[in-house]
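Put chain D on the given structure of chain R with help from the hints.
Chains R and D supply the protein sequences, listed in that same order. Read in order, the letters of the first sequence are residues 1 to 147 in the working numbering. Read in order, the letters of the second sequence are residues 1 to 155 in the working numbering.
Because the hints were derived from the structure by calculation, they are not lab data. Remember, it's a predicted structure, so these values are computed and weren't measured experimentally. Glycine included, every Cβ here is placed at the ideal spot set by N, Cα and C. A hint or two may mislead.
Pairwise CB distance ranges, derived in the manner of DEER restraints [said to hold, decoys possible]:
hint, chain 1, residue 1, chain 2, residue 2, range
1, D, 99, R, 134, 45 to 55 Å
2, D, 39, R, 127, 29 to 39 Å
3, R, 82, D, 10, 33 to 43 Å
4, R, 82, D, 40, 21 to 31 Å
5, D, 94, R, 131, 44 to 54 Å
6, R, 134, D, 103, 36 to 46 Å
7, R, 124, D, 45, 36 to 46 Å
8, D, 15, R, 92, 34 to 44 Å
Calculated cross-link-like contacts (lysine-lysine; reagent style DSBU-like; alpha-carbon spacing at most 35 Å) [unchecked claim]:
hint, chain 1, residue 1, chain 2, residue 2
9, D, 18, R, 2
10, R, 2, R, 67
11, D, 24, R, 67
12, D, 149, D, 110
13, R, 131, D, 149
Take a look at the letters that make up each chain.
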Amino acid sequence: MKGIILLIIRCLLFAIFAYAGMVKTMDVSSFYHDIRLYHLLPDEAAWYWAHYLPWLEMAAGAGLMIKCTRASSCLIISLLLLVFMGAAVSAWLRGFNIECGCFGQHLSPSNYLWILLRDLAMFVGAIYLLKSTLPKAPRRATAIPSN
Amino acid sequence: MNVSRPRRSSHLSTTVIKLARKAKAFLFLVVVASVPAIAQLSHSGFSPPAEIPFGISIEEALTHPKTIVWIDARDENTFEIAHVPGALNINRINWNLTLPSLFAVYVPGKNVIVYCSPDCSESEEIAARIRELGFEHVFVLEGGYAAWKQAQRGS
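If we strip away everything but chain R, and leave its shape as in the complex, we get (with noise of 0.2 Å):
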């Protein structure tokens, strides 16, 4: 039961990094206003996360499904997911009423609760998943019948 909630996780964690990021790729120029209307970064790092930050969703997305990646990529995606949790808050404590740019083109506002309740849930997900990939701690004592 553990191994399939495990490899749903990892399943929806995939789709959904590797759909944000080709979405991204797509339109990087979008991408950099919208990382500019959040104000956190100066333009010149903010049009280099542009271009990086889709790819590297991308690689981490995909990393989920090797088995000698996986580990990595939950690192990562769970990074990349409380900075962006924390991008979110920022932005709504200061007011701004601006597009996540989460998944690329979108007129709407953000709605800033159901954002970071959904980047909560995936972050609980991928470290649920990394806690599963890390290396166990030994048994304390292992009985091994006498001859």
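What follows is chain D alone, placed relative to chain R:
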């Protein structure tokens, strides 16, 4: 029955090796993502497009001798409710569909003024996109549609 205890040092070294592998995989993903990003950057330029802060007040806009092409960057429903007479509704969603209408009415020398709601940012983005296409004299209306509406009431 013998009870054997796994050696702590051996477990520690195994864990370290596993974590090192994961760190390697982490770096691998980070580097893999940077390769296409750099390729894309080399295509679109390593520095961001120059920001031209071409804000224009409603007073300036209305007294400017050049004729104006108004662009309403709000969504279609809001545009339908009310807009500046003769404005073109060009926004991010219908960009590809409606852009030809701008080419149809634009002649060099005209001012292009983009507006949206007072607290929105679409006009800046649409203006930036239009400038990227090579249009000159593209401005963003300060205060958006509300400023225009206010000016109409005042006049």
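Quick rundown of the hints versus the structure:
no. : hint                      : result
1   : D:99 - R:134: 45 to 55 Å  : holds, 51 Å
2   : D:39 - R:127: 29 to 39 Å  : holds, 32 Å
3   : R:82 - D:10: 33 to 43 Å   : holds, 34 Å
4   : R:82 - D:40: 21 to 31 Å   : holds, 25 Å
5   : D:94 - R:131: 44 to 54 Å  : holds, 45 Å
6   : R:134 - D:103: 36 to 46 Å : violated, 57 Å
7   : R:124 - D:45: 36 to 46 Å  : holds, 39 Å
8   : D:15 - R:92: 34 to 44 Å   : holds, 40 Å
9   : D:18 - R:2                : holds, 23 Å
10  : R:2 - R:67                : holds, 17 Å
11  : D:24 - R:67               : holds, 13 Å
12  : D:149 - D:110             : holds, 22 Å
13  : R:131 - D:149             : violated, 57 Å
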